[in-house]
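> Residue strings, one per chain:
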Amino acid sequence: MGITFRKETFRDDFTFKNSPEHIRRFPFPFHEDAYMYAVNIEPHVVGPKGSVLENLIDVDEHYVAEMQDRALVLAEDPLRCQSLPHMTLAGWDLLELLMEQQALGYPEHFTLTRDGDRWRWINRPLGIDDTFTFGDTSTLPYGPMEYITRQSQGDFCILDQRDGNLWMDAGMVTTQADWSLDFDIGMNFFEWHAPVPLAHEKGIFTRALKFLTNIQQGKPARRLNWTMTINPRLDTSPENYHKWGPDRATVTPENVGDKVHLRVELQSFWRLPRSNGIVFPIRCYLIKMDELVTQPKWARRLHRVIRDLPDELANYKGLTRFRPTLVEWLSKLDDGSATSPGFGPD
Amino acid sequence: MSTGTTKLDVVVSDVVPVNDLVTRFHFRRRDGQLLPTFSGGAHVVVEMRDGERTRLNPYSLMGSPLDTREYTISVRRDDVGRGGSLFMHNQVRPGLEMVVSYPVNLFSLDLRAKKHLMLAGGIGITPFMAQTTQLAAEGGNFELHYTCRTASLGTYADVLRERYDRRVRLYHDDLGERIELDRLLSSQPLGTHLYVCGPAGMIGWVRDRAAALGWPSETVHFEHFAAPQPGAPFDVTLAISGKTIRVGEQQSLLEAIEAAGVDPPYLCRGGVCGQCETNVISADGKFIHNDHWLTEEEHRSGKKIMPCVSRFEGRSLVLER
Ligand code: FES
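Listed in order, the protein sequences are those of chains Z and H.
With the first sequence counted from 1, adding 6 to any position gets you this note's numbering.
With the second sequence counted from 1, adding 76 to any position gets you this note's numbering.
Don't take each hint at face value.
[As the list claims (entries may be wrong)] The list that follows gives simulated cross-link-like pairs (lysine-lysine, BS3-like), each with its CA atoms no further than 27 Å apart:
1. Z:K225 <-> H:K379
2. Z:K55 <-> H:K83
3. H:K379 <-> Z:K216
If you are wondering where the hints come from, they were derived from the structure by calculation, not from laboratory data.
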């Protein structure tokens, strides 16, 4: 059967859309009518069929368009992809992980064949058929991390583990919510988390770091994070703030449903076997309000969550400017009835 | 979530005596698949079904990380220890089905290093077998200094000399040979990382000298082979699970907690990873902290204990578990 890949854009005319099946599989992040910051980490195991967790590395109808958007970002700004010299081995680890998982989950689209070190990778949606020597960088058109992450949805941070800390020493980051690899590269866990409000006091980061440095091979973990983006822009980097920042002032009661998007990041954490590093894929899912409110439970719940969000969190997530307009619009879809527990639509 | 390790079903494919004290064990996957890839310095926890008891001992993987058809470990027989190594030597034969954990690496190479200076004592050579193989394949720069009691107890010394020739220096205690540590440490190029694995005394000596000679602590890596020490039996109350248990003479506190049906987290079972850390709710008596995880201050405070290696002597102990 296979996936029907959409032709769409994440810039200029913004033709990005979710099909009805994709609306229902959207990873809605609120399991109750309120939101509080927490280390909500759980084992990254396969979930229900038809959900974004059906495979541990998800490929969906936006795959081809996202990869084209990534190529455009890289052409403009090659610094979105960086790897310090000691991270090449971790890049091979990541290449193996992503090829294995994509071939396992979507055999009709991807095929990996290995004959010792001679590997053949077929990526049908992107028309790639390459044979290379695993471990020999000269046999690929890019370094191993760049090669495979130009073919994998989501951003990827590769962390080196040393001195009981994690160091952001490599990454492919083109679909981020307002942070920059070029700024964070070489920083440790506490340094790159420094801007998050409220979290330090609670000792959350110390516990999260302890958890992450103990991530083991064969036992990945995951968490969801969320924010909101105006227009379906994948690339909301600080470098491009001048492009997306002003969008936040363009929300009106008439265009809320079309412009405001819930942006959910499925972050997973994997121990890499050869380098003993950790990779941190951040997969971004977008849904516009008009699509989201086709599920009445989500409409009601999102209204309550956004309305009751503490100001400093709303600020941190960049919602302040358009929050009143959004809450007003959502409130018309909230009949006050109870929402059922859990994330899924009714 | 549970932080225990993921398990692998293996079969013992070979048992090879190496010398008077050391035996090597080879494991293959029962389903014939490749084993998970690992990195030099990783260990697996081997489960031993010894009658009623399950023993869990960590051993470094010493094979090549580039070849995962089998895992190999080397076990030094300890006649006065708690019995794990004797079980391996006396009961484990080719064909035996066993369970080992996924690899865990708490003694990882720092891949930024310009040079890797390795110091091994006795059976502490095993993690370096895999690390040198990994580095040699990548053209990495390393130098290994290996001390053993006698030439005949120099486990794999011949293999290493043959593979790496002058990059390996041997020292035999019975000939009075000793590493000239200060000279060695003072003559290294900038960007060298130091790795040491061996008896506690050796690790302490190397760390002290390195610190005294100005090596930054993040360039000094060490792995203890600290097995839990036997000791007088003692009683413990586990507050959350509401159980009172007895820790036997040859048992570790962690093992006793597991035997009582509680599933506490662990990774190293040797007092270094921090995973089994447990809060003390009340205690009347004296702690015997054998771990390398808690700070001295934490040891003195008596508020935390590492159940994988630490013991207690006294009237009562209540832990949060
Ligand atoms: S299990 Fe590692 S310190 Fe106890």
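> Hints first: check each against the structure and report whether it holds.
Structure-based check of all given hints:
1. Z:K225 <-> H:K379: violated, 30 Å
2. Z:K55 <-> H:K83: Holds, at roughly 26 Å.
3. H:K379 <-> Z:K216: holds, 19 Å
Checked against the numbered hints above, the structure breaks only hint 1 and satisfies the rest.
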